[in-house]
Amino acid sequence: MLHSTQRWQQIESLFHECLALPEESRLSFLREQCGDDRELCAEVKALLASAGEPMDFLEKPVVHAAQEFTSASSAGLLSAGTLLGRYEIVSFIGSGGMGQVYLARDTQLSRKVAVKILAPALALDERGLHRFEKEARAASALNHPNILTIYEFGNANGLQYIASEYVEGPTLRHKLDAGLLTPSAAIDIAIQIARALDAAHVSGIVHRDIKPENVVIRADNLVKVVDFGIAKPSQSQSQQGIYPPSRALSVSISHAGVVVGSARYMSPEQARGQPVDPRSDIFSLGVVLYEMVCGKCPFDGETVSDVIAEILKGTPQCLTEILPDVPLELQKIVSKAMAKDREARYQCAQEMLADLGEFASRLHFEARFSTRPPAEAPAKSGITATTSPRAQLVRPARLSIAFALLVLAIVGGVFAIFFRRPGAAGTQARPRTLAILPFRNLRQDPSLDYLGFSLSDAVITELSSVNGLIVRPSSSIYAYRNQAIDPQKAGQELNVGTLLTGGFIKDGDDLRITAQLIDLKPNRILWRDTIDVKFDKLLTVQDRVSREIVKGLELNLSPAADRSAGAADPQAYEDYLRGIDLYSINDFPAAIAMLEKSAALNPNYASTWAHLGKAYSANATLQLGGRELYDKAQAAYEKAITLDPNLVEPRIYMANMLTDTGRVEQAIPLLRTALQTTPNNAEVHWELGYAYRFAGMLQESVSECERARQLDPRVKISSSEINAYLYLGEYAKFLQSLPSLDAAYVVFYRGLAEYYLKRAQQAAQDFNRAYELKPDLVQAKIGKALGDSIAGRRDAALALLHQTQDEMEDRGVGDAETMYKIAQAYAVLGDKPAALHALSHTVEGGFFCSSCFATDPLLAGIRSEPEFQRLSNDAQQRRNQFRSAFF
Amino acid sequence: MEMPLDRPAMTQLLRQWGSGDKAALDELMPIVYNQLHKLASRCMRAERPDNTLRATALVHEAYLRLIDSEVDWQDRVHFFAVSARLLRRILVDHAKANHRSKRGGGAEKIPLDEAVLVGPQSPTGLLELDLALEHLAAQDKRKSEIVELLCFGGLTYDETAAALHISPATVHRELQMARAWLHRELSRGTA
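Taken in sequence, the protein lines are chains V and B. So the first sequence is numbered by my numbering: it starts at 1 and just counts up by one. So the second sequence is numbered by my numbering: it starts at 1001 and just counts up by one.
Think of the hints as simulated: they come from the structure by calculation, not from any bench. Here the structure is a predicted model, which means the values were calculated and not measured. Watch out, some of these pointers could steer you wrong.
Here are the in silico distance ranges between beta carbons for each label pair [as the list claims (entries may be wrong)]:
| id | chain 1 | residue 1 | chain 2 | residue 2 | range |
| --- | --- | --- | --- | --- | --- |
| 1 | V | L328 | B | G1020 | 32 to 40 angstroms |
| 2 | B | S1187 | V | S110 | 52 to 60 angstroms |
| 3 | B | Q1012 | V | S28 | 50 to 58 angstroms |
| 4 | B | R1015 | V | L312 | 18 to 26 angstroms |
Here chain V is said to cover these stretches of chain B; the calculated rule only asks that three of the stretch's residues, wherever they fall, bring their Cβ under 8 angstroms from a Cβ of chain V [to be verified]:
| id | segment |
| --- | --- |
| 5 | 1012-1022 |
| 6 | 1170-1178 |
| 7 | 1182-1188 |
Residues of chain V placed beyond 10 angstroms of chain B at every Cβ, according to the derived structure [to be verified]:
| id | residue |
| --- | --- |
| 8 | F15 |
| 9 | H16 |
| 10 | V90 |
| 11 | R105 |
| 12 | D188 |
| 13 | T303 |
| 14 | K332 |
| 15 | R627 |
| 16 | N646 |
| 17 | E730 |
| 18 | R794 |
| 19 | G812 |
| 20 | A834 |
Using N, Cα and C, we set each Cβ at its ideal position, and we do this for glycine too.
So here's chain V without its partners, still in its complex pose (with noise of 0.2 angstroms):
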């Protein structure tokens, strides 16, 4: 019923009255003050009753009420102990952004999961599954002990779900609710989150949500990030224009009421609906960092659009301003991370990390020797110039065909000289050797770095199989990336007779390589060329010149014409070179991403599978990615063996896996046959030497190892050691035989050096340099824990080895001698439970070293117990079987 407008502001200006009187005394205030008018008087009196109800639609506007409907209206929470797969539910833990999460109970491994399900009414959605699986795939993909573990992605009772490792612990926000935290405190966190980022974006994925939220804090420091449900692979995967530009934007004001909350971590391109890429990270990571180190947000606002205001416009406060005390350098940090333009920030999380590194380390330092706040410290210089090769992956470069066809000639031209008269080579007393080293990028463009290693490896590659030629590994020229040269010091470090330099330049459409031969005894070189490729007409040429290339050497080359089916996929090869690459500088798990990239588009490359087998157990062994993964190894190496029956590292590789995984038995064979077809290859050479140290047969295990440093003074220089020196008590040759590097492997065996040789504080300094050099690394877990029980701080050591051995039994990964290490660490420690539990395993496991069983100083406090002994024998048994069977 329509009202006149002097009857509504009667009723109107009557409510208010009555409003604004206790509730008692407004039925007697409105029946005096309508008199007889009934009407009146029940009008207002409705009125009054409503007044107090709730409105749904005026305390959650319409709009939100819309977007959320999905997911709120639908929510049945399931109830605890419902079986979902393998999985039962133990409780609620809470809503993200596709739907509910719960704690569960892995059913056939007995360990907590965190299983995420698509909303019942999303699951409907076809376009929301899709979704759904992107994401598991995105995030399973990912594999880092800064990023949320996903375990699986399933399909049961209707529903679909997520189950992911289970983290306890509060979420940065919840840290930052409760108070400031301590500069150093906040620089660990930003490092680890700069690591997980890292470890995303090689993979081509940009997270796109850093906030505190998404980032959680276990008990032991070590930093989660979590949620990488929006996560997206970066638009530089060529991939630009399947999202949308609004989709940050829309993201992060999704959620009614975190309105506000997600925005301030946006950077600008995705406050303005662009593309992003990893640099909205970095922005993210620096307003994270800048709101750990003073407390508030740098861009802030009531509402959304301020806050958006904020970031296109505004200029935050200086941190220094904040809080006078905050060193220069990390302001300087805060707002490279933090510029406006994408160009002038980190132009990857590498780059950052060096710089948050480097400022961590000062902090360490500066905490360590003076109280005074280092507010006046000079700037560094040369930070920004350091290009990180990985920081140059995610971009596109399309080369890969002019490769193939650059490895074939300079493979021609290597053999051309070597073997110009028909049988020198195979006649020649001595093998040849040959190191063919990184090729220089001569016009300093980022974007080729990882070329230049690349090629080498593959032509590498190629040699390595040729009789009479002794080729060095990829992984001892590694080295020598990025670097002016001097041949004669190359030569005598790698020593090697023939050292194959070169360098390319890109102009537009061409590459130009050129290349040259050089004998080291005496200088002069053998063989120089200059290679012109252009991009576009290669493909068709490329069987002709290789054909042509043959040819003209009248050799037989049939696996290694084979092995260039690696060419046929120009995308698939460049792929393959660039998973190589990754390998080489340790990250298993983007290397593995790449590899089976280049599997899937060409899987009859045998050099691809053999690799990929070597990353999944390396990352299985290393840094304890998952049981899975041998299987994955053992079926990798395999594909590689029957493709190409010739090829001797899948057969390497192998043998290191089957002595990882307790079957040193099986890899003797495998690699004693692989000796026989090619006797100077180092790394067999150095694989036997590691499979009879396992096995308790220390001399020939040194003697072994000893033969492969001489063949190839730098091979696996930088993840294995001779440690059988150690299990001998020669512990000034053990140290001998590392390598001067500043590697987490090396580092950590120093210091285990030097804890034998009493040398304590060394040895402590040297385990906490190897653990901030790699957290992830289980040698450097074990080493923590060591210099936490030299420090007195045995609590945290035995919490750090239960956390270590934890993972490696439930995971099922690490290797044996990896578990004796833990055993000798618990011993020191003085927990003989621990120690004796962890030697059964390491015995189980595969490794029967018994002669250092019964000398090895660290067991001296266990070595009385009954337990001991039994150990003892079952490991003497079964090393005399293996001498029996193989000696």
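The hints should help you fit chain B onto chain V, whose structure is shown.
Coordinates of chain B only, in the frame set by chain V:
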């Protein structure tokens, strides 16, 4: 991208409307509507109209695209006021279509891109709310405008006040009456 109007002109229109020029709104509405459609259909092409990609987000984006970032707060608020009106229309049309198709009538199809804006299902009671608001507008236009801005535009009290050139205190007071009236009206309908 094709721009129907340059940004300063858009800003000018917003100002005119803000200062009472009703004709300016007639010009503004189709521009904003087209922009929303364009954004929404891009989302569709990208094949992911999930529940995170809806109206408010698109409005904010439309705003960033259409309006000069230098505009003052008032103008910005006016823009969101225009959008609130648009979104109400879109949501209600969609709900009506749903309603019809449920009854088996020849379903009048909602354009796909528009479905992105409103989600797979309409919030319950939307049509009733729309009708009640229409009644309220007939009785007291300002109150219905306040509710529209808050409810369909997702504006805050302060933004609503600015859009209507009244004080936040007035918004609060008007709203007390409006919500009581709407509550009574809506419960009357369901009783």
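Taking the hints in turn, this is what the structure says about them:
In this structure the supplied range 32 to 40 angstroms is violated for L328 of chain V paired with G1020 of chain B, their Cβ-Cβ distance being about 53 angstroms. Between S1187 of chain B and S110 of chain V the C-beta distance comes to about 54 angstroms, which sits within the given range of 52 to 60 angstroms. Roughly 56 angstroms separates the CB atoms of Q1012 of chain B and S28 of chain V, a value that falls within the hinted 50 to 58 angstroms. In this structure the hint that R1015 of chain B and L312 of chain V lie 18 to 26 angstroms apart at CB holds, the actual value being about 21 angstroms.
Closer than 8 angstroms: that is the beta-carbon criterion, and the segment 1012-1022 of chain B has 0 residues meeting it against chain V, so the requirement of 3 is violated. Coverage of the segment 1170-1178 of chain B by chain V holds in this model, with 4 residues showing a Cβ closer than 8 angstroms to a Cβ of that chain against a need of three. With a cut-off of 8 angstroms between beta carbons, the segment 1182-1188 of chain B has 4 residues touching chain V; three or more are needed, and the interface restraint holds. Not every Cβ of chain B is farther than 10 angstroms from the Cβ of F15 of chain V; the closest lies at roughly 6 angstroms, contradicting the non-interface assignment.
Under the 10 angstroms C-beta cut-off, the non-interface status given to H16 of chain V relative to chain B is violated; the minimum distance is some 7 angstroms. Chain B leaves V90 of chain V outside its interface by the beta-carbon criterion, the shortest separation being 27 angstroms against a cut-off of 10 angstroms. For R105 of chain V, the requirement that its beta carbon stay farther than 10 angstroms from each beta carbon of chain B is met, with the minimum near 29 angstroms. The Cβ of D188 of chain V lies farther than 10 angstroms from every Cβ of chain B, with a closest approach of about 32 angstroms, so its non-interface assignment holds.
With a closest Cβ-Cβ approach of about 6 angstroms to chain B, T303 of chain V is found to fall inside the 10 angstroms limit, against its non-interface label. Listed as a non-interface residue, K332 of chain V keeps its Cβ farther than 10 angstroms from every Cβ of chain B; the least gap is roughly 28 angstroms. With a least CB separation of 34 angstroms from chain B, R627 of chain V remains clear of the 10 angstroms interface cut-off, as annotated. At roughly 46 angstroms, the least C-beta separation between N646 of chain V and chain B is larger than 10 angstroms, which holds for a residue marked as non-interface.
With a closest Cβ-Cβ approach of about 62 angstroms to chain B, E730 of chain V is found to remain outside the 10 angstroms limit, as its non-interface label requires. Under the 10 angstroms C-beta cut-off, the non-interface status given to R794 of chain V relative to chain B holds; the minimum distance is some 48 angstroms. With a minimum CB-CB distance of about 37 angstroms to chain B, G812 of chain V clears the 10 angstroms threshold, and the non-interface call stands. Separation of A834 of chain V from chain B is adequate, the least Cβ-Cβ distance of about 47 angstroms exceeding the 10 angstroms criterion.
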